[in-house]
Amino acid sequence: MNCMNNPAVRRYLWRFLATMLLYIAFLVLAVWIFVHYHPAGPLAWLLAFLPALGIIAQIAAFGMYLSEEKDEFMRNLQIQALLWGIGATLSVTVTWGFLESFVHLRHMDLILVYPLYCVLSGLALGIQQMRYR
Amino acid sequence: MNNRLRVLRAERAWSQADLAERLEVSRQSVNAIETGKYDPSLPLAFRLARLFDTTIEAIFTDEK
Amino acid sequence: MERKIKDSALSRYKKRMFILVVVLALLSQLVFWEFIRHHPTGVLAYLLAVLPALPFIGIMATYALYIAELRDELVRTVVKTSLLWSIVATLSATTLWGFLELLANAPHLQPLLVLPIFGIFLGIATALVNRRYE
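As you go down the protein sequences, you meet chains A, B and C in turn.
Mapping the first sequence onto the numbering used here, position 58 (from 1) lands on 58, and the numbers just tick up by one.
So the mapping is simple: the numbering used here equals the position in the second sequence, first residue as 1, plus 133.
So the mapping is simple: the numbering used here equals the position in the third sequence, first residue as 1, plus 197.
Chain A on its own, in the form it takes in the complex (with noise of 0.2 Å):
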């Protein structure tokens, strides 16, 4: 199974790559100026929209792989394995919300959903991955 053969992989990993390294750059200056400024109003609002264009940036760069995979049975394993993801993880806020609404756990910070997604639908692939040897 190497995919390290596959071109849209391998361009899909440097766009990865970067696109983390863009996330973690935005966040550290984000975090920092708030730290150190304490802004507040509209260029509070455009301070939050710097870490999370990473994140879309991230989202952008999967995209395009799921465009570029040629391999039609692959493509099709990973968005399936996309909407595996979606379902646990809205069955995840689904359920942290109501215990939220009573008995008071703590709040969800939104920024998990994301990197909760990424886990399962990466463990979903991985399933998949399993049954498809």
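Simulated from the structure, these hints should not be mistaken for lab results.
We treat Cβ as the ideally placed atom computed from N, Cα and C, and that holds for glycine.
This list has only true hints and no planted wrong ones.
Quick partial rundown of chain A residues pointing at chain C, CB under 7 Å, derived from the structure:
id: 1; residue: Phe34
id: 2; residue: Ala44
id: 3; residue: Pro51
id: 4; residue: Ile56
id: 5; residue: Gly87
id: 6; residue: Thr95
id: 7; residue: Phe98
id: 8; residue: Leu99
id: 9; residue: Phe102
id: 10; residue: Met108
id: 11; residue: Leu110
id: 12; residue: Val113
Some chain A residues flagged as far from chain C (calculated, every beta-carbon gap over 10 Å):
id: 13; residue: Asn5
id: 14; residue: Asn6
id: 15; residue: Pro7
id: 16; residue: Leu17
id: 17; residue: Leu21
id: 18; residue: Ala25
id: 19; residue: Lys70
id: 20; residue: Glu72
id: 21; residue: Leu125
id: 22; residue: Met130
Based on these hints, arrange chains B and C on the given structure of chain A.
Below, chains B and C without anything else, positioned relative to chain A:
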């Protein structure tokens, strides 16, 4: 979908990996198509047929 | 519009089941609200709190079954494309709002709202994708 891919492969002494390389897909894809777990798209079916120098109907049958 | 004619009786059945499950979800909410007036605690409270989540998970499962049993390739393509775009929109929106909460003091968004937000995006995406295939 039922198919004769295994037979056609054997005639040329190609492994699944060999066929995958020629088709520019992964070995898993070839395995999934061969075992009927995945039906290829029309373009991919045509590429298979060209590769084996035959028609799509000669490879795939939709009989149960 | 040809595409309004869905696959088969099977998908009609799924739609009915979908409606049933939605009704069940609303019903169980009411039941739960009643219960909460008696203030249960401990493990029982946690279990009760999770109960209303189950119909919602059921709704998603019903939708998943619908996709799995779809025969019409075009409808399946439209559904999958719409879902993917909804995922992109929802993930982007929640991440953005998450950072707004942390850095710009935005009001806290209930995680319960993520599912309906996803649903709204799905509706919009489906309409747009359908238009593309007209």
